[in-house]
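Visitor: Using the sequences and the accompanying hints, generate a full structural model.
Chains as they are written, first to last, in this note's numbering: chain A, 1 to 95; chain B, 1 to 208.
The set of hints was computed from the structure by calculation and includes no laboratory data.
One thing to keep in mind: the hints can contain errors.
Stated by the list, open to error - When the alpha-carbon atoms are kept at most 27 Å apart in a straight line, the in silico DSS-like pairs for lysine-lysine are as follows:
#1 A:K81 with A:K95
#2 B:K21 with A:K95
#3 B:K201 with B:K182
#4 A:K81 with B:K38
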Amino acid sequence: MSIKNIVGFFRHLGHPCECARTKKLLYEFVEGELDPEVHRKLEQHLGDCRGCLEYVNSYRRTIVLTHRHALPETPMPAELKQRLHDFIQQNPNLK
Amino acid sequence: MTSNAESPVRNDDESLVRRLKARDRNALEDLLRLHGAKLYGVALQFMRNENEAREVMQDALVSVWNKIGSFEGKSAFTSWLYRVTANAALMSLRKKKRRENDISLDAPVNDEDDIPLPALRLRDKGPSPDNVALTDELGDQVRAAIDQLPEPYRVVVLLRDVEELPMTEVMEATGLSEPALKSRLHRARLALREALLPYLKGEDKQTS
Chain A
1 MSIKNIVGFF
11 RHLGHPCECA
21 RTKKLLYEFV
31 EGELDPEVHR
41 KLEQHLGDCR
51 GCLEYVNSYR
61 RTIVLTHRHA
71 LPETPMPAEL
81 KQRLHDFIQQ
91 NPNLK
Chain B
1 MTSNAESPVR
11 NDDESLVRRL
21 KARDRNALED
31 LLRLHGAKLY
41 GVALQFMRNE
51 NEAREVMQDA
61 LVSVWNKIGS
71 FEGKSAFTSW
81 LYRVTANAAL
91 MSLRKKKRRE
101 NDISLDAPVN
111 DEDDIPLPAL
121 RLRDKGPSPD
131 NVALTDELGD
141 QVRAAIDQLP
151 EPYRVVVLLR
161 DVEELPMTEV
171 MEATGLSEPA
181 LKSRLHRARL
191 ALREALLPYL
201 KGEDKQTS
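Guide: Shown next, in the form of structure tokens:
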């Protein structure tokens, strides 16, 4: 195994301090609220640490999936349709 | 979806807005016909109770009627409708909390004393045969996970990540300070992430 491969292997293991820092700053990083220099350093760490990169990506995908799937169309029951029809036609507040 | 498929809906919405502003009561009936299923879905997701969701639908109709004058067309009409329904649901939840004298949505929170957030448990549905089933299952599991969030967490997720309201509006709607809101939202996202981990890998394959 070459020196380059060995260095690469250890870089993918990540640095414990940097990994803890990533988790601590996750919300601000994803929301784009970090100081540009801190943001750049964290991005640099993500380039070196596969575990942190997957962690951040899974957090981002959770937000996307939540937005995409949270609200299904739910057909209104016939009784509710009738109730709302009566409400619309009879409610004095709807003038 | 193609733009051709979208344009009739937009035309319907433009007509609805015009008629509502002209105080045409029957426009509310057409609004329900076009968007009722989605609005009922919003109400149910907030309330998790059919009877309460039905009350919210009535409140939302009154709000639409009273506030249509303020709709300027800067956002899609459907987004505005969802927001009105979400606000009606939120008001209902707050009234309910006051009645129950339970944990207030306005209660100040911080990282140390925030409301307990138990691990979310999803039912294992086994492997999916195809992509359509996988998408259906994914949607079911996302909704099941959100449904299990305690109400104060569910509300911030629905307002911020689903309705995509600006932070200032979510703070106003919930009465939370900015740090408290961020903390609660982050914890809710982490809980959802943990519950959905097997599906996040599936999503990776689907989108790559």
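Visitor: Take the hints in turn and mark each one as holding or not.
Guide: So, going through the hints one by one against the coordinates:
Pair hint A:K81 plus A:K95 holds up; C-alpha atoms about 20 Å apart against a cutoff of 27 Å. About 12 Å separates the Cα atoms of B:K21 and A:K95, which keeps this hinted pair within 27 Å; it holds. A C-alpha spacing of about 26 Å is found between B:K201 and B:K182, which places the hinted pair at or below 27 Å, so the restraint holds. Proximity of A:K81 to B:K38 is assessed by CA-CA distance (about 14 Å); at most 27 Å being required, the pair is judged to hold.
Violated hints: none; the structure is consistent with every hint.
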